[in-house]
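Modelling step: build the complete structure from the supplied sequences, incorporating the hints.
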Amino acid sequence: MASTFKTFLNDDIATTRTLLHEAIPITGSIIYGTYGAPGAELQVKTFAHGMFQSVYDYPFLSSSANHIFDVTHAHNSEFETQGVTGTQSDGLTYDGASQLGAISTHPFFKKRKNIYGQMGQVLVGHDVTGSVQDFDQDGDLLSLIGSKYNCLIFMNLARLLGKDEIKKGSFELQLGTTTTHSDTAGDMNTNLLTIKDDGAATDYKVNSPAGEYGILKITGDSTNAGGGPAAAPYDVKCGLIYYQAGVVALTPDLLMGFDNATYEKGKITNAGATGGTDAEMNAAAQNILALLNDNAKTMDDVALAFRQRIEKVCFNNTTELNSTIYFCRVSHNDFNYSSNPTYLLDSKVRVKSKTSDAPISYITSVGLYSSDNELLAVAKLSEPLRKDPTNDMTLRVRLDY
Amino acid sequence: MSLYKFEQNDVFKNRIKTHPRISFVISDKKTYYNRDILPINTFAIADETIQQTEQGDLSLYELNINRDASTHSPPTQESLIYPFITKQGSLTSFKTISTETFQTYSYGDVIRGQYPLSSSIDVEYQAASSTDRPHIKALKNTFNYYRPLSPHYAYESSNAVGTWDKASQEIKLVSIPSIFYGSSIKKGSVDMKFYITGSLIGRLQDSNQNGELIQTIGPAAASAQGRVDFNSSFGYNDKRIILENTSGAITTFIFDDSGTEGSTGTVDGSGYIVVQINGLFAREDIATEFAIAVESVSGIQISTNDDTFGSITLTQVIGGSSGNTTIQDPDSITSLNIVQFAGGAADNNGKVAGTVLYNEGFVALTGSWDLSSTYTDEYLFSGVNIAPKWTLWGQKFLAADPGAAEFCPSSSWTIDCEGTNYVPVITMLAHAKMGDLNHSNNPTYVKPSSDQDVEVCVDIEHDVDYYENDKRELANVVKSPYPNTSGSFEKTTYISKVGIYDENKNLIAIAKLATPVKKTISREYTFKMKVDF
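Those protein sequence lines, which keep their order, are chains A and B. Here the first sequence is numbered in my numbering, starting from 1 and rising by one per residue. Here the second sequence is numbered in my numbering, starting from 1001 and rising by one per residue.
In short, the hints are calculated from the structure, not lab data. If you're wondering where the values come from, they're calculated on a predicted model, not measured in any experiment. Positions of the beta carbon are idealized from the N, C-alpha and C atoms, including for glycine. Just to be clear, a hint being listed does not mean it is correct.
[Stated by the list, open to error] Chain B regions said to be covered by chain A (calculated; three or more residues, Cβ under 8 Å): (1) 1055-1066; (2) 1405-1416.
[Claimed, not checked] In silico DSS-like cross-links for lysine-lysine, where the CA-CA straight-line distance does not exceed 27 Å: (3) K1087(B) x K1137(B); (4) K1351(B) x K1005(B); (5) K1479(B) x K1505(B); (6) K1447(B) x K1396(B); (7) K1030(B) x K1087(B); (8) K1137(B) x K380(A); (9) K163(A) x K1087(B); (10) K1518(B) x K1528(B); (11) K1140(B) x K1187(B); (12) K380(A) x K1433(B); (13) K1013(B) x K1497(B); (14) K1479(B) x K1013(B); (15) K1351(B) x K1433(B); (16) K1396(B) x K1491(B); (17) K163(A) x K1095(B); (18) K1528(B) x K1013(B); (19) K1528(B) x K380(A); (20) K380(A) x K1512(B).
Spelled out as structure tokens, the structure:
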């Protein structure tokens, strides 16, 4: 119990915020191929409603398993008529909307629409009429230039890994876009497209009710000897990433034939030739649109087809550490005496043999008290500090919470 | 939405005292926690589990499950999740980074940590000759602090309790991290066992709840033995042998060669136990008959062993020297040779073999007596087999660790105890009083198709005001027992959840009811909500 108190002044208390990060590498072998046959993988939890899959890093029945992400896909009402990315600013319609046919008869049509609406409500928000807005390719919701994503594949990263937010500019996804389908793990992790939120550390959007988000771009193509789609800053947009919400939205365009000279959306080819071949999403050689349109195929089938092509996902998460720093200033004439019983010997100060001797004490700990003198915290020194009238010191006490 | 303030007696702050059970099994250099065996990592390095730890370890965040650590080399090659921080003015760093190392980083440098952060029980053996024992010496003040509980806590002692110095005596320090037990180890719950080939040979318990680990099971003590040699086959008729125990109780055996006193074990008219030797001509037969007579008598606690050469060995059933018996030959049988009882020794049950530091999570074992008179093993990996003892409990980590080889595979050890963990609990009582909470802002609270369910716009000197019509009718949800009619109107709501707000009216918690509760003007409820921290 202290017998002497000093009051903190305004300059004695400072607050800081430190960002702690974790590097999260997730290899494709965790997501697919290690823990069982396709569709019966022990680390993937499916549900009776069939609306999404949960991916774990180990068979989920084990208490050691950690939830990594959920994967699902969704589309809006315009998907049936406009295709994946809708009408472009150049007036062209890509993505083979005609392939979709009467997708409204698909048993999962309403569920997909509901998911799109729900995700849009949370991540994009409403317009002035109260309608849920569509996901925008460049994040400029008001501009008529640029297009919307009518269909998206969502990866909802677990809070366990995403923590407070995903570090901007750290996200990287490598997706195999090879044409031929195979159930063998690794076979499809070739012709890799590298997708990053390039430049998002300084250039990100804030017009989402869920916080900040960045634009995902294709930044590399392993089949392109020239090193991929031009150079930074890359301009081939392929999805969105919501940092605080921990949601990654990717366009199915990535798996459609495209021109790797221009990387135009909806014309993607992984063979290097203009107007190349679509990636086969299953053993029946269906492309992504055919898979979405096949009434016999479930949302789990789409999720599986997507997971099979993930080579790697890595990002850094962020945890905010808030601290208060108390500068405890000990001036030359402070704390030179002690109230410890051992400070006295025969009722005399032990360290003073005559009146003119300077007092000495050793500071071992600092107590922080409330305004009504309640002891709230004690900071201990690693070794006692000698204190006498000839020295002063400032003890820096940091309180993390 | 109505807000009510909690009154003085509406909020209670308590704490629940819980006792998590802890169990460790140590065998062949491996530890198992709570009987759990984790799978081995597919990319295993020396039996690492999927948590990248050894068996029995706790992984703090349980990340990096079943990953290949051999390819991990950040920042260029990453296969494991790891934390990192940038050195900045707040001087925040990881606990695993020493101050000296921290100073070597420049501001802006990335400081990397690693996962998993594991925790495990540790055992540290110190031979009597060892003086380099910083962990023991660091606990000197702590040991002495608990001397009022038991003199066995004393770091040094030279009194009637015993003479020792923990700075130099043979000792085993068992360290249990607090993540396993919480605030402290529960007194009276510590139970340590020593097994050889699966058989329990020793047990320690803190049955007095004062930190003393008392041996409650140990090897049987050596029993006293005596011997009677029958060197001849004749000269025994009507002669006596007397066994007298230390309490003075006498049992007299009398030999009968006439065949008139009954069979062996019969009590004759004098109260003697008959040893019938009629017709016996070999000394070993006479000895066997005497042995039968001795075993026929209950209560004298002697077992016999006939060595077939006319010698009978008498062994006390109970170990130690208690009940020790003298053998008397009052009739001076000519050929009889008597070796009196000797050799009994007390057992070690009841002795203190160590102490427990409940709050600090340490067990110090000092019992250095042998726990087996027959079994030995190379516990110290020194090339010499020694008998098991308490200071060798949990022997696992040695300077000369045998690596992949088996280590004392016949020995296994367990420690069971309970921790003490406190869970702060806030209990809140939210009252829905009569006349309160009888209105809802839900859209369905008003009649959906009412003609007056419209908003009214009034233009007053170019100002436009919007307000709801105050004549809107409320929906009548009162159920009538009669068909095709509704009951008399009564304001009715259904309470489905209770929100908890802080002093700034921030919603900080929501308690949901399993089913909505009907609330009318005349009804009142109290909702009891508990929050565990």
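We went through each hint and held it up to the structure:
Judged by the Cβ-Cβ criterion of 8 Å, the segment 1055-1066 of chain B is covered by chain A as claimed, because 4 of its residues qualify and three suffice. Residues of the segment 1405-1416 of chain B lying with their CB closer than 8 Å to a CB of chain A number 0, which falls below the three-residue condition for coverage. For the suggested pair K1087(B) and K1137(B), the alpha carbons sit about 36 Å apart, so the restraint of at most 27 Å is broken. This hinted pair does not check out: K1351(B) and K1005(B) have alpha carbons roughly 61 Å apart, beyond 27 Å.
Taken as a hint, the K1479(B) and K1505(B) pair is broken in the structure, with Cα atoms around 37 Å apart against an allowance of 27 Å. At most 27 Å may separate the alpha-carbon atoms for a hinted pair to count; K1447(B) and K1396(B) exceed this at roughly 77 Å. For the proposed pair K1030(B) and K1087(B), the alpha carbon gap of about 39 Å is over 27 Å, so the pair is violated. For the given pair, K1137(B) sits about 22 Å from K380(A) by alpha-carbon distance, which is consistent with the 27 Å threshold.
Proposed proximity of K163(A) and K1087(B) is supported: the alpha carbons are some 20 Å apart, at most 27 Å. With a CA separation close to 17 Å, the supplied pair K1518(B) and K1528(B) stays within the 27 Å bound. Proposed proximity of K1140(B) and K1187(B) is supported: the alpha carbons are some 21 Å apart, at most 27 Å. Among the hinted pairs, K380(A) with K1433(B) is inconsistent with the structure: their alpha-carbon atoms are about 51 Å apart, more than 27 Å.
Restraint check for K1013(B) and K1497(B): the C-alpha separation of about 22 Å stays at or below 27 Å, so the hint holds. Proximity of K1479(B) to K1013(B) is assessed by CA-CA distance (about 42 Å); at most 27 Å being required, the pair is judged violated. With a CA separation close to 65 Å, the supplied pair K1351(B) and K1433(B) exceeds the 27 Å bound. A distance of roughly 73 Å separates the Cα atoms of K1396(B) and K1491(B); the hinted pair therefore is violated under the 27 Å criterion.
Simply put, K163(A) and K1095(B) have alpha-carbon atoms about 20 Å apart, close enough for the 27 Å limit, and the pair holds. Restraint check for K1528(B) and K1013(B): the C-alpha separation of about 13 Å stays at or below 27 Å, so the hint holds. At roughly 41 Å between alpha-carbon atoms, K1528(B) and K380(A) are farther apart than 27 Å, so this suggested pair is violated. With a C-alpha separation of about 44 Å, the suggested pair K380(A) and K1512(B) falls outside the 27 Å cut-off, and the hint is violated.
In summary, the numbered hints that this structure violates are 2, 3, 4, 5, 6, 7, 12, 14, 15, 16, 19, 20.
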